[in-house]
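Residue numbers (UniProt numbering), protein chains in the order written: chain G, 1 to 294; chain W, 1 to 294; chain X, 1 to 294.
Among the hints, a few may not be true.
Note: identical chains are not told apart, hence a pair may lie in one copy or across any two.
Listed next, the in silico BS3-like pairs over lysine-lysine satisfying Cα-Cα at most 25 Å (straight line) [what the hints assert, rightly or not]:
| # | residue 1 | residue 2 |
| --- | --- | --- |
| 1 | K27 | K269 |
| 2 | K72 | K245 |
| 3 | K77 | K226 |
| 4 | K36 | K289 |
| 5 | K77 | K245 |
| 6 | K264 | K77 |
| 7 | K226 | K241 |
| 8 | K244 | K27 |
| 9 | K77 | K278 |
| 10 | K278 | K72 |
| 11 | K72 | K264 |
| 12 | K241 | K269 |
| 13 | K182 | K170 |
| 14 | K289 | K245 |
Keep in mind that the hints were calculated from the coordinates and are not lab data. All figures in this text were calculated on a predicted structure; none of them were measured in a lab.
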Amino acid sequence: MSNFLTLNDLTIIEIKELLQDANQFSKGAQWFPAEKRYAVNLFFEPSTRTKSSFEIAERKLGIEVIPFEIDKSSLTKGESLYDTVKTFEAVGVDVAVIRHDQDGFYQELVDNLEIPLINGGDGCGHHPSQSLLDLFTIEQEFGSFENLNVAIVGDIMHSRVARSNAEVLKRLGANVMFSGPKEWFRTSYLQAGEYLEIDEVVEHADVCMFLRIQHERHHETAALSKEEYHQRYGLTEEREKRMKKDSIIMHPAPVNRNVEIADKLVECKRSRIFQQIKNGVFVRMAILKRVLSH
Amino acid sequence: MSNFLTLNDLTIIEIKELLQDANQFSKGAQWFPAEKRYAVNLFFEPSTRTKSSFEIAERKLGIEVIPFEIDKSSLTKGESLYDTVKTFEAVGVDVAVIRHDQDGFYQELVDNLEIPLINGGDGCGHHPSQSLLDLFTIEQEFGSFENLNVAIVGDIMHSRVARSNAEVLKRLGANVMFSGPKEWFRTSYLQAGEYLEIDEVVEHADVCMFLRIQHERHHETAALSKEEYHQRYGLTEEREKRMKKDSIIMHPAPVNRNVEIADKLVECKRSRIFQQIKNGVFVRMAILKRVLSH
Amino acid sequence: MSNFLTLNDLTIIEIKELLQDANQFSKGAQWFPAEKRYAVNLFFEPSTRTKSSFEIAERKLGIEVIPFEIDKSSLTKGESLYDTVKTFEAVGVDVAVIRHDQDGFYQELVDNLEIPLINGGDGCGHHPSQSLLDLFTIEQEFGSFENLNVAIVGDIMHSRVARSNAEVLKRLGANVMFSGPKEWFRTSYLQAGEYLEIDEVVEHADVCMFLRIQHERHHETAALSKEEYHQRYGLTEEREKRMKKDSIIMHPAPVNRNVEIADKLVECKRSRIFQQIKNGVFVRMAILKRVLSH
Numbered sequence: 001m002s003n004f005l006t007l008n009d010l011t012i013i014e015i016k017e018l019l020q021d022a023n024q025f026s027k028g029a030q031w032f033p034a035e036k037r038y039a040v041n042l043f044f045e046p047s048t049r050t051k052s053s054f055e056i057a058e059r060k061l062g063i064e065v066i067p068f069e070i071d072k073s074s075l076t077k078g079e080s081l082y083d084t085v086k087t088f089e090a091v092g093v094d095v096a097v098i099r100h101d102q103d104g105f106y107q108e109l110v111d112n113l114e115i116p117l118i119n120g121g122d123g124c125g126h127h128p129s130q131s132l133l134d135l136f137t138i139e140q141e142f143g144s145f146e147n148l149n150v151a152i153v154g155d156i157m158h159s160r161v162a163r164s165n166a167e168v169l170k171r172l173g174a175n176v177m178f179s180g181p182k183e184w185f186r187t188s189y190l191q192a193g194e195y196l197e198i199d200e201v202v203e204h205a206d207v208c209m210f211l212r213i214q215h216e217r218h219h220e221t222a223a224l225s226k227e228e229y230h231q232r233y234g235l236t237e238e239r240e241k242r243m244k245k246d247s248i249i250m251h252p253a254p255v256n257r258n259v260e261i262a263d264k265l266v267e268c269k270r271s272r273i274f275q276q277i278k279n280g281v282f283v284r285m286a287i288l289k290r291v292l293s294h
Numbered sequence: 001m002s003n004f005l006t007l008n009d010l011t012i013i014e015i016k017e018l019l020q021d022a023n024q025f026s027k028g029a030q031w032f033p034a035e036k037r038y039a040v041n042l043f044f045e046p047s048t049r050t051k052s053s054f055e056i057a058e059r060k061l062g063i064e065v066i067p068f069e070i071d072k073s074s075l076t077k078g079e080s081l082y083d084t085v086k087t088f089e090a091v092g093v094d095v096a097v098i099r100h101d102q103d104g105f106y107q108e109l110v111d112n113l114e115i116p117l118i119n120g121g122d123g124c125g126h127h128p129s130q131s132l133l134d135l136f137t138i139e140q141e142f143g144s145f146e147n148l149n150v151a152i153v154g155d156i157m158h159s160r161v162a163r164s165n166a167e168v169l170k171r172l173g174a175n176v177m178f179s180g181p182k183e184w185f186r187t188s189y190l191q192a193g194e195y196l197e198i199d200e201v202v203e204h205a206d207v208c209m210f211l212r213i214q215h216e217r218h219h220e221t222a223a224l225s226k227e228e229y230h231q232r233y234g235l236t237e238e239r240e241k242r243m244k245k246d247s248i249i250m251h252p253a254p255v256n257r258n259v260e261i262a263d264k265l266v267e268c269k270r271s272r273i274f275q276q277i278k279n280g281v282f283v284r285m286a287i288l289k290r291v292l293s294h
Numbered sequence: 001m002s003n004f005l006t007l008n009d010l011t012i013i014e015i016k017e018l019l020q021d022a023n024q025f026s027k028g029a030q031w032f033p034a035e036k037r038y039a040v041n042l043f044f045e046p047s048t049r050t051k052s053s054f055e056i057a058e059r060k061l062g063i064e065v066i067p068f069e070i071d072k073s074s075l076t077k078g079e080s081l082y083d084t085v086k087t088f089e090a091v092g093v094d095v096a097v098i099r100h101d102q103d104g105f106y107q108e109l110v111d112n113l114e115i116p117l118i119n120g121g122d123g124c125g126h127h128p129s130q131s132l133l134d135l136f137t138i139e140q141e142f143g144s145f146e147n148l149n150v151a152i153v154g155d156i157m158h159s160r161v162a163r164s165n166a167e168v169l170k171r172l173g174a175n176v177m178f179s180g181p182k183e184w185f186r187t188s189y190l191q192a193g194e195y196l197e198i199d200e201v202v203e204h205a206d207v208c209m210f211l212r213i214q215h216e217r218h219h220e221t222a223a224l225s226k227e228e229y230h231q232r233y234g235l236t237e238e239r240e241k242r243m244k245k246d247s248i249i250m251h252p253a254p255v256n257r258n259v260e261i262a263d264k265l266v267e268c269k270r271s272r273i274f275q276q277i278k279n280g281v282f283v284r285m286a287i288l289k290r291v292l293s294h
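So here's chain G without its partners, still in its complex pose (with noise of 0.2 Å):
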């Protein structure tokens, strides 16, 4: 049995692999466990892609989904977390996906489970889903991570992907810079990459990772309106014409149209930002499958 909960608990190989049969069911390769399985989707958390793009995944491996509604389920009898995860694995389901706004909530979980867990996202911490479709994206577009500048703009503090993947992609031999305001940037992340203005960055990255401002998670920069975000901070259509050639622009989306990205480059040549969740849906079934072939 094997859980996937943070990139930073997998070997550069693991990866590596992960990545490899993503692009294998990018071409149209097809896997299936051996007996029927059963998952379930437990999200805490409001989600459209994350939600959307596993059940896709589950369905394309042959796998049932069980419907769950927290607002419908015992946990408004006061039922907790661990007790909803072992009933799902007692009435015979094989692996849960579970998005929550508590950090690490899986730590409580996981030694007392006999099913493999999959973290769909922890508050702040992590998202290793969304982590491996933005490495599956880059790959797909540059071959390698080698000496390619990506650059991570925005919230970079409460993002759960910002800091993982920027210390994976150093892993992976790229070069990291950060951008965004600086109240959301800690010395500690110096060791993964420095920090730029954005009119520097847009000029050197291969990659613009932009990140949502995540409005619902905190509300104490109100002190900038969205107009003086977009200006200061996000990508204009001024600095897009001053991209390298061949740069591509990413984004976890929903975007806030205009915030961190001007609305016509949301779906503009440069951008891969649909792209990217139409790889979630092929990483998710690698993770899938490797958590169910353990």
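Put chains W and X on the given structure of chain G with help from the hints.
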């Protein structure tokens, strides 16, 4: 690729083809897409009939249905309808059925989507799959629309089927008449059919289509109590007795029992109300087949 | 057509047939309806275990499950339970599982429905699939009910399984005893079994079935704190030590840990609590097979 947005977009030949397909499905015919297909049903307004009918129709065609709940989606984080539908397109969904409270919600979507869209009801606009099942139920009963007297009774102004049903019935050769509260009748409707009092209607109509009073959509006619409405505009037991031999009662449901129609008549011999629901599945199979075949 | 509403409706022979079928399913036996079948699970009260258990049971039998959420259905427009279930019948659903907070909700339904109904729990009335899985778990453990001492401990009055379990256990030859707060005990229960203090119960019972304190159903016993309840009526670690060799602990779950049962005992060697959940799937497969075979 072909959307299914309003019946007005379709020629009489296309409508007859759909009715013919629905008829085949009602007799047990089978049709499956060449490859595995995925559907999503995005319902922004409550629904039991239309949603479950599409769900069953999709499954009968072997289509996998990806669940979606607005209140657990990224729409709660401010994501737009457009970005939501684009996301489902990106994860690999092949067709989206959408019900939305905004008239013509699909106009901002269709130009930029690559997957077909099915209108599951837009505000006070259209509800083409309901219209089609109404037509199918009439055809099933009478074999033809030629010279048939069809009455549409009730809240014509707010109904998403009244006006488009009237228009298409006229194109098909039927004779349309309207009844119900005059404040919900506009002189513009006269080009489709004349206005008659309910007591005249019941004696002349072959088909009495009652419309639901949509308490959830308008509040201005609270002047009339339910009992008063029933007595003045509804199908009372007394009026039913005066209906023509072989004439039928229809209603899109849910019926406000003892308002539009007397409780005892909802499942009476003349009533085709549950037959309409049954037919809805066959009609939606025909619609799905159409949009997935193009 | 055959409904599954209460265990009282069934003969001992029918109950034993169901237990035998459940036993076959627990050993990997397969059964599929001759044709494709559709189910709907209408849960008007929160549920994790019962709902997911039916979901899995349905899928293991190859039955397609049509999703339903009350708060997105036409029930929000005032549609009745009857019209809702009739609608599912009309769209082609073959079996409906219903949980509802109204005792005997099914009485107004059964006469006019053509599809079988399974009671997934009605108010403080019955919960026959839970009762059956309790019986199955006991039979699995002891092989027979004859002369077995079965204690039912806790909130007997509000429980939907206590009284019907007691009645059927007696019919099966077991010796039933009750314990818990006396204000939740009625002299009418004495015909099924006698009342004993918990300290006596633990020393005599082969099976200790604890009932959940349903905070969501009644508020009048707030007089007792959770700690006090646990000390006076619950299974403390000290009491467990005095239990008979080979006796078992049962609970329908969710357990209020440290109220009905000490936290440490929930997954102890004597506990069959997660085994009960596991057995629930097999029992529900047997029930579905029964109602779909008639």
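Hints versus structure:
1. Taking the shortest Cα distances, K27 and K269 sit within 25 Å of each other inside one copy (22 Å), while across copies they are farther apart (49 Å).
2. When the C-alpha separation of K72 and K245 is checked against a cutoff of 25 Å, the pair qualifies neither within a copy, at 51 Å, nor between copies, at 39 Å.
3. Proximity of K77 to K226 under the C-alpha cut-off of 25 Å is restricted to the inter-copy arrangement: shortest distance 15 Å between copies versus 40 Å within a copy.
4. Taking the closest pair of Cα atoms, K36 and K289 come within 25 Å of each other both inside a single copy (13 Å) and across two copies (20 Å).
5. Taking identical chains as interchangeable, the C-alpha atoms of K77 and K245 are never at most 25 Å apart, the minima being 56 Å within one chain and 33 Å between chains.
6. In this assembly of identical chains, K264 and K77 lie within 25 Å of each other by CA distance solely across copies; the values are 21 Å between and 47 Å within a copy.
7. Proximity of K226 to K241 under the C-alpha cut-off of 25 Å is restricted to the intra-copy arrangement: shortest distance 21 Å within a copy versus 64 Å between copies.
8. With identical chains, the CA atoms of K244 and K27 are never at most 25 Å apart, being 29 Å at best within one copy and 61 Å at best between copies.
9. For the identical chains of this complex, K77 and K278 are inter-copy neighbours only, at 21 Å across copies versus 38 Å inside a copy, given an alpha-carbon limit of 25 Å.
10. Proximity of K278 and K72 under a CA criterion of 25 Å is satisfied inter-copy only: 21 Å between copies versus 30 Å inside one chain copy.
11. In this assembly of identical chains, K72 and K264 lie within 25 Å of each other by CA distance neither inside one copy nor across copies; the values are 40 Å within and 28 Å between.
12. Proximity of K241 and K269 under a CA criterion of 25 Å is satisfied intra-copy only: 12 Å inside one chain copy versus 68 Å between copies.
13. Proximity of K182 and K170 under a CA criterion of 25 Å is satisfied intra-copy only: 21 Å inside one chain copy versus 67 Å between copies.
14. In the homo-oligomer, the alpha carbons of K289 and K245 never lie at most 25 Å apart, since the shortest distance is 37 Å inside one protomer and 44 Å across protomers.
In terms of the numbered hints stated before, the structure departs from hints 2, 5, 8, 11 and 14, listed from lowest to highest.
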